[in-house]
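Please model the entire structure based on the sequences and the hints provided.
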Amino acid sequence: MKKIHLPFWLPQTKRALVWYVLFILIFILYHDFWSWGTYQPLIGGWLPAWFLYDIVLIIAYAVIAFFFTRKYWPKPPQDIEEKK
Amino acid sequence: MPQVAISTIILVIFLGFFSFIGLYGYKIGRKTVEDYFAADRKLGTFVTLFTYFATLCSAFTFLGCAGWGYSKGLAWYGPIGVATALISINFYILGYRIWLLGKRFGYVSPPELIRDRFGKELQIIYALVMITFVLPYLAVQAMGAGYALEELSGGAVPYVFGAAIITIFMMFLVLGGMRSIAWTDTVMGVMMLGCLATAFVLVVMKGGGLSNIVAKIASESPAHLSRPGVGGFFTPGIWFGFMLLWVLADPLMPHLWMRMYVPKNVNVIKRMMVFFPLICLVVFFFPTWIGAMGYTMIPGLEGANVDRILPLLMVKFAPYWLMAIILAGSLAALISTADSQILALGSIFTRDIYASFINKKATTEKQVKMGRIFIIILCLFGFLIALRPVSTLVAITTAAFTGIGVLYPTTIAALYWKRATKWGAISSVIAGETVAVLLIYKILPGWLLIGSLPILPSLVVATLTLVVVSYLTTPPSPKRIAKFFDLFDSVFQPSDETKKFLDADKHRLKK
Chain W
5 MKKIHLPFWL PQTKRALVWY VLFILIFILY HDFWSWGTYQ PLIGGWLPAW
55 FLYDIVLIIA YAVIAFFFTR KYWPKPPQDI EEKK
Chain G
354 MPQVAISTII LVIFLGFFSF IGLYGYKIGR KTVEDYFAAD RKLGTFVTLF
404 TYFATLCSAF TFLGCAGWGY SKGLAWYGPI GVATALISIN FYILGYRIWL
454 LGKRFGYVSP PELIRDRFGK ELQIIYALVM ITFVLPYLAV QAMGAGYALE
504 ELSGGAVPYV FGAAIITIFM MFLVLGGMRS IAWTDTVMGV MMLGCLATAF
554 VLVVMKGGGL SNIVAKIASE SPAHLSRPGV GGFFTPGIWF GFMLLWVLAD
604 PLMPHLWMRM YVPKNVNVIK RMMVFFPLIC LVVFFFPTWI GAMGYTMIPG
654 LEGANVDRIL PLLMVKFAPY WLMAIILAGS LAALISTADS QILALGSIFT
704 RDIYASFINK KATTEKQVKM GRIFIIILCL FGFLIALRPV STLVAITTAA
754 FTGIGVLYPT TIAALYWKRA TKWGAISSVI AGETVAVLLI YKILPGWLLI
804 GSLPILPSLV VATLTLVVVS YLTTPPSPKR IAKFFDLFDS VFQPSDETKK
854 FLDADKHRLK K
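Protein chains in written order, with the working numbering: chain W, 5 to 88; chain G, 354 to 864.
FYI, nobody ran anything at the bench for these hints, they're computed from the structure.
Even glycine gets a Cβ: it sits at the ideal position worked out from N, Cα and C.
Be aware that one or more of the hints could be misleading.
Said to hold, decoys possible - Here are the simulated lysine-lysine pairs, DSS-like style, with alpha carbons at most 27 Å apart:
| no. | chain 1 | residue 1 | chain 2 | residue 2 |
| --- | --- | --- | --- | --- |
| 1 | G | Lys-713 | G | Lys-669 |
| 2 | G | Lys-473 | G | Lys-714 |
| 3 | G | Lys-771 | W | Lys-79 |
| 4 | G | Lys-617 | W | Lys-75 |
| 5 | G | Lys-617 | W | Lys-79 |
| 6 | G | Lys-380 | G | Lys-722 |
| 7 | W | Lys-79 | G | Lys-569 |
| 8 | G | Lys-380 | G | Lys-719 |
| 9 | W | Lys-79 | G | Lys-832 |
| 10 | G | Lys-719 | G | Lys-473 |
| 11 | G | Lys-395 | W | Lys-75 |
| 12 | G | Lys-775 | G | Lys-473 |
| 13 | G | Lys-714 | G | Lys-832 |
| 14 | G | Lys-569 | G | Lys-559 |
| 15 | G | Lys-473 | G | Lys-832 |
| 16 | G | Lys-617 | G | Lys-384 |
| 17 | G | Lys-559 | G | Lys-395 |
| 18 | G | Lys-722 | G | Lys-384 |
| 19 | G | Lys-713 | G | Lys-832 |
| 20 | G | Lys-380 | G | Lys-395 |
| 21 | W | Lys-79 | G | Lys-836 |
| 22 | G | Lys-569 | G | Lys-713 |
| 23 | G | Lys-719 | G | Lys-384 |
| 24 | W | Lys-18 | G | Lys-771 |
As the list claims (entries may be wrong) - If the Cβ cut is set under 7 Å, some of the chain W residues that face chain G in the computed set are:
| no. | residue |
| --- | --- |
| 25 | Trp-23 |
| 26 | Tyr-34 |
| 27 | Phe-37 |
| 28 | Trp-40 |
| 29 | Thr-42 |
| 30 | Tyr-43 |
| 31 | Pro-52 |
| 32 | Asp-58 |
| 33 | Ile-62 |
| 34 | Phe-70 |
| 35 | Phe-71 |
| 36 | Thr-73 |
| 37 | Pro-80 |
| 38 | Pro-81 |
| 39 | Ile-84 |
Pasting the structure below:
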C-alpha cells in the first residue's frame, strides 16, 4: 500500500494527534466569549468567576505540558546531549 | 533622613549590587563568541527560566500592564496573562529545534540560523527587521527608567537624566556578556516578583481589602471587572489578535530566541515549558489588579499618563523607603529586558553584519571586541529615541511585536518545511512587513484589520506569499535541506531501520 505523506503541520502519528487535540483545546478555551459581559459571581467576594477560569486554564495547560514533556518529547541525539 | 538621600542610597545599593554580579561574570568569562553571547551553552533550569521570564517582563509589564489595568480593566489579564502563558508551546515548536541546531552548528544569533537554511540575503533581512523593531522597544525601557527615577526622586531626577543613568548602567552590565546578564536577570526576576507582590498587598491594605475595593469598582465602573473591558475595548478580534501577537512574536524576539541557545541540556527546555506558564499566571496578576484598583484611588489619568499609575500609587500609599524599593523593582524589570535586547542586537551586528559582510576573517576576540563597541552605540540610539516619547509603552511594544511576529511563518518554514525556498521566504518577509508597517501607520484602510490587530492580516499575507512563491520557484538543493533535516529526521522521525530495531526491541522485552 502506498504510504501517505501528510503535510508537516498535521499530526504524523496517532500519539501526536492526542497532544494536538489537547493543546488546541486549551487555545480554543481561551476564547470563552460565553462568559463575557458579567463579573458575577464573585468568588470569595472579590474574584470574578471568569478570572478564576483563566487561572484554572493556565494550570490545566501546565499540567498538559508536564505530561507532554514526559510522554511525548523525543530525545536529542546522543552527541548533542553529551556535548560539553 | 531626607527623602532624596533615602532614594539615592537605595539606588546606589541596587546599581552597585548588580554591577558586582556583572563584573564577576565578566571576570570569569572566556573571550570566545559562544561564551560571550551564549554563556557557553551551559545554563541550568533556574537561571534559564528566570532570565527568560525577566527578559520577557519589561517596563511594559511593570508600568504598562498596570496602565492598561487602569484604562481597560481586569479584562487585560486574558490577553496579557493567559496569552503570554500560552507562548510556552513554542518551547517545543521552535525552542527545541533551535536548541538542537545551536548545539550542533554553534549559532549565537537568530539570523545565522536562517542564513544556513535560506541564504545570506535573508540573513541580512532578518537582521534588519530585528534591529528596526527591537530598537524602539529598547527605547521603551529607557522611557520606563525615566518615569521610575522621576517618581523615585520626587521629581529631583528629571526624566532625561533618569533615562541616561540607566542607559550608562546597562552598557556597563552588557559588557560582561550573556552569563552576567543571565545571573543579574535571575536576581532581578525574583526581585521583580517580590516587589509586585508587595505593591499589590499594599494597595489592597490601603484600599480597605479586596472585597471593599471590588465593591467600589463595581459601583463606579463595572466595566473594569468584566470583559470586554472599559469601552468594550477587547472585541473578539482584538482578543484573538493579542493572543496571536504574543504567541507568535515573543519567541522570535532576538533576545528571547537567543535564550534557546543557552540551556545545557534538553531537560532545561522541558521544565521551562511547564513552569513558564505558572510564572506568567502570577506575574501578570499583580500589575493588572494594581492598575484596576488604582482607577478608584487616583482617577483621571489619561493617554501616556496611565503608565504612571503604579509609581503614583506607591507615592500615595507606601512609606518612602518601601516606595523606593518597589520602584527599584520596576527598574529591575526594565533593565533585565534592555540588557538582553542590547546583547541580542550586539550579536546581530557582530555576527550577521560585521563578521558576515565587513570583516569575514575577524577572529573571535575581534568579534567580541566589536560586539562591545556596537553595544555602546546601540545604547546611545535607544536613549536618543527615548528622549521624545511619542506614545504609551503598550502602543510601542505592540508595534514592535507586530514587526517581529511577521517572521513566524518563515521561521516555521525554516525548521519544518523542506519545500520552502529562499525566494518564498524573502518575499514573505517583505510582503508581511510592508503590510504590517502600512497598517500600523494607518496608511491602509482599517477594514483590512478584520476587527483585529495588524498582526493578523500581516501574517495572512506573509503565509500566503511564502507558500505561493515557494511553489513557483525551484526547490532548495538537497545539500542545503540535509544540513537541518538530517538532524531533525533523526530526532523526530526515526528511520525505517531504527523503527524496525525499536519494534524488535519492544517485542523482545514483551517476551
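Hint check:
Note on G:Lys-713 and G:Lys-669: the hinted pairing is violated, with a Cα-Cα distance of about 57 Å set against a maximum of 27 Å. A hinted pair counts as satisfied when its Cα atoms are at most 27 Å apart, and G:Lys-473 with G:Lys-714 qualifies at roughly 17 Å. Note on G:Lys-771 and W:Lys-79: the hinted pairing holds, with a Cα-Cα distance of about 22 Å set against a maximum of 27 Å. Distance check on the hinted pair: G:Lys-617 and W:Lys-75 sit about 21 Å apart at the alpha-carbon level, within 27 Å; holds.
Proposed proximity of G:Lys-617 and W:Lys-79 is supported: the alpha carbons are some 14 Å apart, at most 27 Å. For the hint linking G:Lys-380 to G:Lys-722, the alpha-carbon distance of about 15 Å falls within 27 Å, and the restraint holds. This hinted pair does not check out: W:Lys-79 and G:Lys-569 have alpha carbons roughly 54 Å apart, beyond 27 Å. Pair hint G:Lys-380 plus G:Lys-719 holds up; C-alpha atoms about 18 Å apart against a cutoff of 27 Å.
In summary, the hint linking W:Lys-79 to G:Lys-832 is supported, as the alpha carbons are separated by about 25 Å, within the 27 Å threshold. The suggested pairing of G:Lys-719 with G:Lys-473 holds, with an alpha-carbon distance near 22 Å, which does not exceed 27 Å. Distance hint between G:Lys-395 and W:Lys-75 is fulfilled; the C-alpha atoms sit about 25 Å from each other, no more than 27 Å. Between G:Lys-775 and G:Lys-473 the CA atoms are separated by roughly 10 Å; this keeps the pair inside 27 Å, and the hint holds.
A threshold of 27 Å between alpha carbons decides the hint, and for G:Lys-714 with G:Lys-832 the separation of about 25 Å falls inside it, so the pair holds. A distance of roughly 14 Å separates the Cα atoms of G:Lys-569 and G:Lys-559; the hinted pair therefore holds under the 27 Å criterion. This hinted pair checks out: G:Lys-473 and G:Lys-832 have alpha carbons roughly 16 Å apart, not beyond 27 Å. At most 27 Å may separate the alpha-carbon atoms for a hinted pair to count; G:Lys-617 and G:Lys-384 meet this at roughly 19 Å.
For the given pair, G:Lys-559 sits about 45 Å from G:Lys-395 by alpha-carbon distance, which is inconsistent with the 27 Å threshold. The hinted pair formed by G:Lys-722 and G:Lys-384 meets the criterion: a straight-line CA distance of about 9 Å does not exceed 27 Å. Using a Cα cut-off of 27 Å, the hinted pair G:Lys-713 and G:Lys-832 holds, with the two alpha carbons roughly 23 Å apart. Our distance criterion of 27 Å between C-alpha atoms is met by G:Lys-380 and G:Lys-395, whose separation comes to about 17 Å.
A distance of roughly 19 Å separates the Cα atoms of W:Lys-79 and G:Lys-836; the hinted pair therefore holds under the 27 Å criterion. A threshold of 27 Å between alpha carbons decides the hint, and for G:Lys-569 with G:Lys-713 the separation of about 65 Å lies outside it, so the pair is violated. Of the pairs offered as hints, the one joining G:Lys-719 and G:Lys-384 holds, with about 9 Å between alpha carbons and a cut-off of 27 Å not exceeded. A threshold of 27 Å between alpha carbons decides the hint, and for W:Lys-18 with G:Lys-771 the separation of about 23 Å falls inside it, so the pair holds.
At a threshold of 7 Å, the smallest CB-CB gap from W:Trp-23 to chain G is about 9 Å, leaving the interface hint violated. Nearest Cβ of chain G to the Cβ of W:Tyr-34: about 6 Å, under the 7 Å cut. The hint holds. Hint on W:Phe-37 holds. Least Cβ distance to chain G is approximately 6 Å, under the 7 Å limit. Given hint, W:Trp-40 at the interface with chain G, holds; its Cβ is 4 Å from that chain's nearest Cβ, closer than 7 Å.
Satisfaction of the interface hint for W:Thr-42 is found here, the shortest Cβ-Cβ separation to chain G being roughly 6 Å, below the 7 Å cut-off. Contact between W:Tyr-43 and chain G, as hinted, is supported at the beta carbon level, the nearest pair being about 4 Å apart and thus within 7 Å. The interface hint given for W:Pro-52 is met, as the beta carbon of that residue sits about 6 Å from the closest beta carbon of chain G, less than 7 Å. Below 7 Å, beta-carbon pairs count as interface contacts, and W:Asp-58 has one with chain G at about 5 Å; its hint therefore holds.
For W:Ile-62, the interface hint holds, the least distance from its beta-carbon to any beta-carbon of chain G being 5 Å, beneath 7 Å. Look at W:Phe-70: its Cβ gets to within about 5 Å of chain G, closer than 7 Å, so that hint holds up. Taken as an interface hint, W:Phe-71 does not check out: its beta carbon lies about 9 Å from the nearest beta carbon of chain G, beyond 7 Å. Satisfaction of the interface hint for W:Thr-73 is found here, the shortest Cβ-Cβ separation to chain G being roughly 4 Å, below the 7 Å cut-off.
At about 5 Å, the closest approach between the beta carbon of W:Pro-80 and any beta carbon in chain G falls short of 7 Å, and the interface hint on this residue holds. For W:Pro-81, the shortest C-beta to C-beta distance to chain G is roughly 6 Å, which falls under 7 Å, so the interface hint holds. Annotation: interface hint on W:Ile-84 holds; nearest CB of chain G at approximately 5 Å, less than 7 Å.
Violated hints for the displayed structure, listed by number in ascending order: 1, 7, 17, 22, 25, 35.
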